[in-house]
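K.L.:
Sequence:
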Amino acid sequence: MSKDKQRKEALLYHAKPQPGKIKVVPTKPYATQRDLALAYSPGVAEPCLEIEKNKEDVYRYTAKGNIVAVISNGTAVLGLGNIGPEASKPVMEGKSLLFKIFADIDGIDIELDTEDVEKFIETVKTIAPTFGGINLEDIKAPEAFEIERRLKEELDIPVMHDDQHGTAIISAAALLNALEITGKKIDEVKIVVSGAGAAAVSCTRLYKAFGAKAENIAMLDSKGVIRSDRANLTKEKLEFATDRKIDTLDEALKDADVFIGLSIANIMTPQMLESMAKNPIVFAMANPDPEIEYNLACQTRKDIIMATGRSDHPNQVNNVLGFPFIFRGALDVRATKINEEMKMAAVRALADLAREPVPEQVNIAYDATRLTFGKDYIIPKPFDPRLITKIPPAVAKAAMDSGVAKSPIKDWARYEEELYQRSGNDNKVVRLMHNRARINPKRIVFAEAELLDVMKAAQIVYEEGIAIPILLGNREIIEGLKKDLDFDAEVEIIDPRSEEASEVRTRYAMKLWESRKRKGETQYSARINMGKRNYFGSMMLLEGDADGMISGYSRAYPKVLKPVFEVLGRAKGVTNASTVNIMITDRGPLFLADTSINVDPNAEELAEIAQMTANVANTFGFNPVMALLSYANYGSSSHPNAQKVREAVRILHETNPDLVVDGEIQTDFALDQDLCHNNFPFSKLAGKKTNTLIFPNLDSANITYKLLKGLHNAESIGPIMVGLRRSAHILQLGASVDEMVNMAAVAVIDAQEREKRRLAHMHAEE
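Under the UniProt record's numbering, the first residue of the sequence shown is numbered 1, with each subsequent residue one higher.
For the record, the hints were derived by calculation from the structure and aren't laboratory data. Note that beta-carbon positions come from the ideal geometry of N, C-alpha and C, so glycine has one too.
Computed spacing ranges between beta-carbons, pair by pair:
hint, residue 1, residue 2, range
1, Q299, E417, 40 to 48 Å
2, D658, G374, 25 to 33 Å
3, K55, R348, 28 to 36 Å
Cut-off 30 Å, straight-line C-alpha distance, at most; resulting in silico cross-link-like pairs (DSBU-like, lysine-lysine):
hint, residue 1, residue 2
4, K8, K483
5, K190, K235
6, K5, K16
Generate coordinates for the entire structure from the input sequences, incorporating the hints supplied.
P.N.:
Right, dumping it as structure tokens:
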């Protein structure tokens, strides 16, 4: 994406459909006069009086305990420098967004119009009663050190400057693991730190807390090695000044074991890297371009263990691994501060997590057969769903052990379950899906590329690296839309009706005729059909000229389904194709089937739909817990509609005993774990969180998913077609741009899975 295009996209994202990225949402009923009388006058006086008697009750009756202030004065914003408080607001809103989506913490951004340290401190102290914690952000050094120190001393709530401690905590975890892999000891290794800002100082202090020796550390600023004989050093720099007679990075790196880069791009040369000790550890964390480019470093030293701040290389040092979960643990025990013990506990928890077996959901997200602890995996991935159940408990326990927790946790199992429920990790399925598609993008046909929204979706998937679009339609119209959208990439455009495509159109037509000549197809009708984009696109898939296709934005579902079925047909062993919609809900993703094709499936067909839906859930990294729905519960009705569901469950229990599936069951019992357990303790669903719903007919499935989408703003991914010979997926009429982007990612993942199965089959035959 060009810089100009990226600028326009970013501005549009922040401005539409409403300015900003966060809003306030009520958490209590407010529909009736009684509700309002309780929410405000006169009912609100009662909690006020209770808090007046006991100030700690503010945590019981208000949201204080889950609100973190994200505070900046805009003096060191990203790489933009001192741009002022107003200009820093988008960043602070973004940080608040990350707090919410990763740890269910309500972040409130506050921008202060002062560079005076005393005024800043006094202002934060004045507003502190509103908040459960304070996250300081993008404040320039050395003022940031003094501001954090004073606020930690003078407030009784957690305070952390994430620019300092976030990078320190993540990189320290990575360093501990890298040292274990190389067999080196932290108290013996020579460490070179390039950079002397807030993050560099905090990192080095934390490394020392874990045993690094001051005499083995060399820190550099823009003037070179910070030596004790240099004049006018700040107290922070003086803390890390060396007595060694070295001046340059080149000299400092000779025989060094560890390089920590928190400075600028490309300051480390291959020659410098070659001069380091055996099995060098290099954390080049300058963003977006590291101190030495990842591939260059790996080519220079095969024995290197390397981390960067980038997501497109292994071992990303990403602060989102830390701050949401550290504050989560601190808030949950009402810690009065975030101390060294809590930070060190977070480091150990992160380091330990990387050594544990990785969930299949994470392997799938990163297209790895199996991520294992080693030089390319020394810290957990940001999408790891275990982060929220591992880091906060470690931080909370350290707060309790160090005496700063006002509300100790007594039931750790219950606390872990609460963390999982509030985590929102199940709702990351879209990010997981896009990330997985990017790893191995496939050629996806956009069969309606003459339409503006379809072209917008194709542009996004191309620029995001999700897929390689192939655009079908009138070339002149498509080129015009590309120009309007500043979509200047060289992507394949095919007009099935053009003279240019006549040869391939004829070949495709003969292929269609051969396969359907005994089903009413003539050579003439085959040639006519191959001028139609859905026939042409489907044949591209069948012939291997593309890997997937999405269509249906502008046409009724049955009209698109017909050419797809006629050209591609069902996969081997499949009786009926079906569709699955993934609904992104507050309780996590729900897999719903069949939402688009089978009007009134019989018991055998329902069982097949259920099995294929389970495969979809597995593909996206979720273990299916499946309910076959009905108006009846476990034999309460003898009507044929209930009996067919009961029979489908019997078939599934017999053919796939390991699948967690049961029914016939009503929806409320399926979704409410306690309700199911109390009434049907024998059910395979009892006490489990159901994530897959199989409906008895098309009416109920289609109506339900559209109700969820329309009334509850649940995001829908689908309909995902299952049971076809190739990766073709039909959109709902008028699908949004985002829905088309998601479906393109689905088509890519579907194609990836088919490729894996094909390769596995070839290897098995060998």
